[in-house]
Amino acid sequence: MVTDPYAVIAILVLIEFCVLYFSGRQRFKKYFHFIPPVFWIYAIPMLLSSLGLIAAENPFYNIIASNLLPASLVLLLLSTDLKAISRLGKKALMMMLSGSLSVMVAVPVVFYLFKGIVGNRMWSGFGALSASWVGGSANMVAVKEALGVPEQVFAPMLVVDTVVPYVWMAFLIAVVGMQNIFDQKVKADSKVMEELKRHLSGRQELKKSFSPKGTSWIIFTAVAGVVISRVCAYYLPAVENTISTYTWTIILASTLGVLLSLTPARKLEQSNSTLFGYWLLYFVLATIGAKAYIRDLNAALVLIGAGFCVIILHGLMIAASAKIIRAPMFLAAVASQANIGGPASAPVVAAVYQPALACVGILMAVLGNLLGTYTGIITGYVCRLIAKA
3 MVTDPYAVIA ILVLIEFCVL YFSGRQRFKK YFHFIPPVFW IYAIPMLLSS
53 LGLIAAENPF YNIIASNLLP ASLVLLLLST DLKAISRLGK KALMMMLSGS
103 LSVMVAVPVV FYLFKGIVGN RMWSGFGALS ASWVGGSANM VAVKEALGVP
153 EQVFAPMLVV DTVVPYVWMA FLIAVVGMQN IFDQKVKADS KVMEELKRHL
203 SGRQELKKSF SPKGTSWIIF TAVAGVVISR VCAYYLPAVE NTISTYTWTI
253 ILASTLGVLL SLTPARKLEQ SNSTLFGYWL LYFVLATIGA KAYIRDLNAA
303 LVLIGAGFCV IILHGLMIAA SAKIIRAPMF LAAVASQANI GGPASAPVVA
353 AVYQPALACV GILMAVLGNL LGTYTGIITG YVCRLIAKA
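My numbering numbers the first residue of the sequence shown as 3 and each following residue consecutively.
Because the hints were derived from the structure by calculation, they are not lab data. Glycine included, every Cβ here is placed at the ideal spot set by N, Cα and C.
The list that follows gives simulated cross-link-like pairs (lysine-lysine, DSSO-like), each with its CA atoms no further than 30 Å apart:
#, residue 1, residue 2
1, 85, 199
2, 325, 92
3, 390, 117
Simulated restraints on C-beta separations:
#, residue 1, residue 2, range
4, 358, 4, 50 to 60 Å
5, 64, 233, 12 to 22 Å
6, 177, 304, 23 to 33 Å
7, 391, 196, 40 to 50 Å
8, 260, 53, 36 to 46 Å
9, 217, 121, 40 to 50 Å
10, 33, 310, 16 to 26 Å
The whole structure should be built from the sequences, with the hints applied where relevant.
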């Protein structure tokens with residue numbers, strides 16, 4: 003067994019490098035299509051610790067989580083293009099928010115129904131899952147740390163978050179032929195699609211490149227963001243067994259990242275600030291995986307069933323929302339996948355429905371990333387109240 007803390011950290015960095023390297027190679031991409039890199043970055047360290055090859059205890063793990071996670075949130079959110087999101091239009095934004103709200107409602111309802119089977123201790127895991135199903139993996143990890151989700155609770159939830167969204171995406175793609183029927187049933191506003199195409203036609207992606215100056219600014223921004231968040235969190239009131247100083251740190255780091263996106267700091271995206279943010283996030287996830295054991299996955303099958311129940315309720319509510327505001331099926335499907343699947347899969351669904359509007363999926367998913375940490379913490383505390391009832 004490798005017990006030296008520095009050696010274990012080196013192994014985790016190597017695992018992250020290998021997964022990201024092979025997932026980016028064309029010949030290996032198909033192997034990461036249904037089981038994404040984020041799962042392997044968590045699962046491989048978990049497997050190694052379960053087999054006794056690396057130590058599950060490491061004095062650096064808590065230091066890494068408490069510092070690198072807030073840094074990653076700052077970097078990931080400072081690239082948020084709020085102006086582009088606003089150009090999505092009222093109906094698109096309403097559908098996205100309806101999808102997020104449906105998750106916040108469905109998760110506590112399903113937890114109430116399943117708590118007798120999975121146990122009251124799973125409340126925090128449902129909160130972390132809801133964060134991912136509004137935003138993405140970054141939000142899930144952030145809420146995991148903010149709520150103090152135990153490893154034996156988080157591990158099976160990550161399996162649910164891997165399996166269910168891809169099944170849901172397959173369903174959304176399979177029913178693409180029903181667009182016209184759905185739109186006729188809900189009397190969808192036909193002008194919405196033309197307005198979307200007009201508003202987003204001039205959108206251009208930033209040109210990105212590495213430079214020592216840009217990298218230095220990224221590091222400075224990340225470190226400064228962590229310091230500011232932790233100092234401010236120290237002066238905010240902590241509520242025993244509810245909101246800790248670290249929870250405030252996560253909330254403040256997320257808020258700071260959004261505020262920085264309104265300043266010239268957003269130009270750091272040209273120096274790949276998002277790439278740095280994801281690298282830090284995945285490294286935190288690797289350390290979380292190293293603390294878990296395979297036996298923690300025992301509850302995964304039941305929780306997958308619970309996950310599908312959440313999806314069914316979410317689907318019914320988002321369809322009802324589309325009916326109420328007369329939104330086309332395109333917006334309902336993309337908003338749903340942007341919530342449940344996140345930035346990786348939302349543009350895929352958008353492109354299947356309307357090839358010229360794949361960017362709508364990206365922008366909706368970015369909005370989900372913006373909201374996911376906040377909604378996840380709120381939903382987690384609602385589930386906590388249900389667990390105590």
